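Visitor: As a plain string of letters, each chain reads:
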Amino acid sequence: MSSGGSRLRVKKQDSVTVVEFIDRNILDEANIQQIGEEIAGIVESANAPKLLISFENVDHLSSAALGTLITINNKIKARQGQLRLANIDPQIFEVFKITKLDRLFQIHDTTDSAIKSLS
Amino acid sequence: MHVRNVRSDIERVETGLLSAMERHGFEDKSRFALRLALEEALVNAFRHGHKGLNADLPVLVEYQVTPSRVQLSIEDQGPGFQPEDVPDPTLDENLEVPTGRGLLLIRSFMTSVEYIGRGNRVEMTYDRPGSQTG
Chain A
1275 MSSGGSRLRV KKQDSVTVVE FIDRNILDEA NIQQIGEEIA GIVESANAPK LLISFENVDH
1335 LSSAALGTLI TINNKIKARQ GQLRLANIDP QIFEVFKITK LDRLFQIHDT TDSAIKSLS
Chain B
73 MHVRNVRSDI ERVETGLLSA MERHGFEDKS RFALRLALEE ALVNAFRHGH KGLNADLPVL
133 VEYQVTPSRV QLSIEDQGPG FQPEDVPDPT LDENLEVPTG RGLLLIRSFM TSVEYIGRGN
193 RVEMTYDRPG SQTG
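Going down the list, the sequences are from chains A and B. When we follow our numbering, the leftmost residue of the first sequence carries the number 1275, and every step to the right adds one. When we follow our numbering, the leftmost residue of the second sequence carries the number 73, and every step to the right adds one.
These are calculated hints, taken from the structure and not from any lab test. All values derive from a computational prediction rather than experimental measurement. Honestly, I wouldn't trust all of these hints.
DEER-style ranges, computed between Cβ atoms [as the list claims (entries may be wrong)]:
| id | chain 1 | residue 1 | chain 2 | residue 2 | range |
| --- | --- | --- | --- | --- | --- |
| 1 | B | P139 | A | P1364 | 20 to 30 Å |
| 2 | B | L167 | A | P1364 | 18 to 28 Å |
| 3 | B | G189 | A | S1391 | 23 to 33 Å |
| 4 | B | E195 | A | N1321 | 48 to 58 Å |
| 5 | B | E195 | A | R1377 | 24 to 34 Å |
| 6 | B | L132 | A | D1363 | 53 to 63 Å |
| 7 | A | Q1307 | B | L129 | 42 to 52 Å |
| 8 | B | H96 | A | G1279 | 33 to 43 Å |
| 9 | A | Q1307 | B | H74 | 18 to 28 Å |
| 10 | B | D164 | A | S1387 | 24 to 34 Å |
| 11 | B | E186 | A | A1322 | 42 to 52 Å |
| 12 | B | E195 | A | K1390 | 45 to 55 Å |
Yeah, the Cβ is synthetic: ideal placement off N, Cα and C, and Gly gets one too.
Chain A with its partners taken away, still in its complex shape (with noise of 0.2 Å):
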């Protein structure tokens, strides 16, 4: 199912970078690392970066797409930069909320809002 296109929506709103992903799923292995790559190239042509991902559209992801959330969350703070995540579906959230990544993540309701804290 992977293909050489991108798996993100891209935007530049402000001085933050939004990010979106195409997929429903986020399930598939090779498409998430594949994803990492492409977030950790945002994260690394910018100093401070202002990262927003949202998760509109997103119905499933895996632990594996956790992961590499909290490295590109890792790779934002050696950057002396903001991330935050919006638009999380309820059945998500509770993923989050499980493996209490809701406490590690900035977690907003809308992009708006989430837009809102970073500037």
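Let chain A serve as the given structure and place chain B on it in line with the hints.
Guide: Relative to the frame of chain A, chain B by itself:
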């Protein structure tokens, strides 16, 4: 059903399980739980169970769906493991470690989880919420 570490095999077993659940009227929440547990157990089997072994080795997946319960087992061909040796990923010192959450998610979403034999077979039960089982 034998499942290889290729997406088409994984999706075939997933579709079979989820379709069976749908036929028995399980809600979206239940199907989400089973899909997650199956994905996590398969990743564990291939990534950890079969570590250092032939990458083409399949795992055995069996499931049974009734109106009130789903039973699912995944057996790999590796040496097994001791679940109690896996660190708790929710401890503060492990929160930023990117791995080790699969078992926690399986345990959280399933009604019961048991590791059989040398630890290379996991058997899970999911009771339909609100159903009288037994």
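Visitor: Now look at each hint and say whether the structure bears it out.
Guide: Status of each hint after checking the structure:
no., hint, result
1, B:P139 with A:P1364: 20 to 30 Å, "holds, 25 Å"
2, B:L167 with A:P1364: 18 to 28 Å, "holds, 22 Å"
3, B:G189 with A:S1391: 23 to 33 Å, "violated, 50 Å"
4, B:E195 with A:N1321: 48 to 58 Å, "holds, 51 Å"
5, B:E195 with A:R1377: 24 to 34 Å, "holds, 32 Å"
6, B:L132 with A:D1363: 53 to 63 Å, "violated, 32 Å"
7, A:Q1307 with B:L129: 42 to 52 Å, "violated, 21 Å"
8, B:H96 with A:G1279: 33 to 43 Å, "holds, 37 Å"
9, A:Q1307 with B:H74: 18 to 28 Å, "holds, 25 Å"
10, B:D164 with A:S1387: 24 to 34 Å, "holds, 27 Å"
11, B:E186 with A:A1322: 42 to 52 Å, "holds, 48 Å"
12, B:E195 with A:K1390: 45 to 55 Å, "holds, 48 Å"
Consistency note: the structure conflicts with the earlier hints numbered 3, 6 and 7.
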